[in-house]
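K.L.:
Turn these sequences into a full structure, and let the hints steer you where they fit.
Protein chains: 2
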Amino acid sequence: MTIGEGKRIAVLSPVAWRTPPRAYGAWETVASNITEGLVRRGWDVTLFATTESITKAKLSSVVPCGYAEDDSQDPKVSECMHISELFERADEFDLIHNNFDFLPLTYSRLISTPMLTTIHGFSSEAIMPVFHKYSDSYYASISDSDRAEGLNYVGTVYNGIDLSDFVFSETPGEALVAFGRIHPDKGFHLAIDVAKRSGRKLIIAGIVQDQRYFDEDIMPHVDGKNIKFIGPVGPPERDDLLKQAYAVLHLNTIPERFGLVMAESMAAGVPVIAMDLGSCREVIADGETGFLVDDVAGAVEAVGKIDTISRASCRRRVEEKFSLDVMAANYEKVYQEIFRREALKKVMSGV
Amino acid sequence: MTIGEGKRIAVLSPVAWRTPPRAYGAWETVASNITEGLVRRGWDVTLFATTESITKAKLSSVVPCGYAEDDSQDPKVSECMHISELFERADEFDLIHNNFDFLPLTYSRLISTPMLTTIHGFSSEAIMPVFHKYSDSYYASISDSDRAEGLNYVGTVYNGIDLSDFVFSETPGEALVAFGRIHPDKGFHLAIDVAKRSGRKLIIAGIVQDQRYFDEDIMPHVDGKNIKFIGPVGPPERDDLLKQAYAVLHLNTIPERFGLVMAESMAAGVPVIAMDLGSCREVIADGETGFLVDDVAGAVEAVGKIDTISRASCRRRVEEKFSLDVMAANYEKVYQEIFRREALKKVMSGV
Chain Z
321 MTIGEGKRIA
331 VLSPVAWRTP
341 PRAYGAWETV
351 ASNITEGLVR
361 RGWDVTLFAT
371 TESITKAKLS
381 SVVPCGYAED
391 DSQDPKVSEC
401 MHISELFERA
411 DEFDLIHNNF
421 DFLPLTYSRL
431 ISTPMLTTIH
441 GFSSEAIMPV
451 FHKYSDSYYA
461 SISDSDRAEG
471 LNYVGTVYNG
481 IDLSDFVFSE
491 TPGEALVAFG
501 RIHPDKGFHL
511 AIDVAKRSGR
521 KLIIAGIVQD
531 QRYFDEDIMP
541 HVDGKNIKFI
551 GPVGPPERDD
561 LLKQAYAVLH
571 LNTIPERFGL
581 VMAESMAAGV
591 PVIAMDLGSC
601 REVIADGETG
611 FLVDDVAGAV
621 EAVGKIDTIS
631 RASCRRRVEE
641 KFSLDVMAAN
651 YEKVYQEIFR
661 REALKKVMSG
671 V
Chain D
321 MTIGEGKRIA
331 VLSPVAWRTP
341 PRAYGAWETV
351 ASNITEGLVR
361 RGWDVTLFAT
371 TESITKAKLS
381 SVVPCGYAED
391 DSQDPKVSEC
401 MHISELFERA
411 DEFDLIHNNF
421 DFLPLTYSRL
431 ISTPMLTTIH
441 GFSSEAIMPV
451 FHKYSDSYYA
461 SISDSDRAEG
471 LNYVGTVYNG
481 IDLSDFVFSE
491 TPGEALVAFG
501 RIHPDKGFHL
511 AIDVAKRSGR
521 KLIIAGIVQD
531 QRYFDEDIMP
541 HVDGKNIKFI
551 GPVGPPERDD
561 LLKQAYAVLH
571 LNTIPERFGL
581 VMAESMAAGV
591 PVIAMDLGSC
601 REVIADGETG
611 FLVDDVAGAV
621 EAVGKIDTIS
631 RASCRRRVEE
641 KFSLDVMAAN
651 YEKVYQEIFR
661 REALKKVMSG
671 V
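Residue numbers (the working numbering), protein chains in the order written: chain Z, 321 to 671; chain D, 321 to 671.
The reader is advised that the hints may include incorrect statements.
Just so you know, same-sequence chains aren't split out, so a pair can sit in one copy or run between any two.
What the hints assert, rightly or not - 20 angstroms max Cα-Cα, derived EDC-like pairs, lysine to aspartate or glutamate: (1) 453 x 394; (2) 521 x 621; (3) 453 x 405; (4) 378 x 364; (5) 378 x 652; (6) 327 x 513; (7) 376 x 615; (8) 327 x 408; (9) 378 x 621.
In case anyone wonders, no lab produced these hints; they're calculated from the structure.
Small disclaimer: the values here were computed from a predicted structure and weren't measured.
P.N.:
So, in structure tokens, the structure goes:
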């Protein structure tokens, strides 16, 4: 008998993109990873996502394809039709796992099935009142540091990555590497500074999210030799990129919520030098799989002692803490806790 | 015993503007008129609207002021918090009267209170699937002509206007008048043509909704003498405007949904010349309170016979068909029909 025996889970993914997305689509990626991880562990899962989505779970869909990929859709219509479809079928499930942000919360008191919402991010202060109003439902955070005060968190579940997507390399490369969304929050300008002061080459990769930042603060330093920019990288190019990495610089300027880039780097055996802001100290083991620093000087110093880091430890940390199966197993624990609390509620209310 | 005795109605207004709005806000205006009309007739009404709204009904609100008047709000957050507040209290009401467009429909199957949705307009083809999916709820149209095929309409209820806002004038003015949103759909360019061909002055009033249309097709003809543009008009200026009117030109180029402008004109005693498209033939009595025409030539001809129209008939038509009390009385009939059908459903299901 598997742990999920008899319990039916509905996973609600966004419908901006396919689940999993063809390229960009962070929340759809995580929703897919959760779904497939749970299926592998024997749970009865129904994924609510776009019709063209790919899953080993049952698929339920009313939106043919992602509205971000289809101009003919009104996103608001697609979102509310998608969400309501699940809520109208709520009594077919023992738990709804919402990966869709705040809108589903406003339907949640109209049904009796409990709902877990993984808060993948707070897009603005203006959405906080929704999370506060529905704090009697269940929340999961994606790192201990990424918690808003006053919300009812059942637990933290770190994002998992598919380790088979990453080739471990025992031998370090020569260059420093910085990758992810090109945005000031991610501190690519600091990485350039660190590279110059360390006398190492730097390779930058990622989609440009802030064009002005890219044009003014990044491109003037790119010479194609010491500082290279190679654009966005999909999984195969990312492997090539990480093979060239001596270390990855993750010099975020604001608190990190989780930091997939750090897990991906370590999966390939690459140590990470990260700012000690937000979740970085949860993802990296300081001194074991990389270094936490407070500024550029600290990062330069860290580059100097990277060869004290065991690349095998980096990979092992991801296997132990950030794999798909670990994520699914951790959600399993959260689900069991919710079932326990719901059962208690029923006892207390004399049902 | 009043007709509404014992029945509790929740009226859901939008939260873009105050209810009633300070200036623009067509749906909030109608929601306010419905609410106040029902209260006057003795119904127990709770208005769900912004906190600063003004009503003789009970007011329930979670959104302090209209998001269109407050940049700090995320409209999506305000909308879903506003809607869900009503649905979470659904069992306090015998009927929900939705004047909020399509989003509330997606909550409606999660509650047992019946919901009537007045369809004030279809903003785009993309929203039609929502109305079709929830066609097992109840719809009201604002004219017989403004009905989408395949939807379950309980009835048509024309919009009502507050007759005390309009001074009746027995004596016609000299000018032709065209007022409303300045948009090609409203045919202000045709009104200019008709005025020129009739040798009458034209006064145009309204908010500019299509700037390019205004700049290219209207302003080049405005000379301040024969063709005047006076900008938006509130209630007092509107009275002055209608006093100067020989006739109002409503030369809509697409089917009209209802056409408040026509009712307002007739309330002041002004005959209306309107294109025979959509609801115009329901609002105007052809040959009695104005003329229905098919083109500019027909409109010019109609101007020539305006003095055959009794201005008192114009006012009387509004009193009989488009007053606030008539609207409330007609909604009352729709509500009774819904209560009848709901009772029948209960009998049929053996409850």
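K.L.:
Could you tell me which of the numbered hints above are not met by this structure, giving the numbers in increasing order?
P.N.:
The structure conflicts with hints 6, 7 and 9, although it agrees with all the remaining ones.
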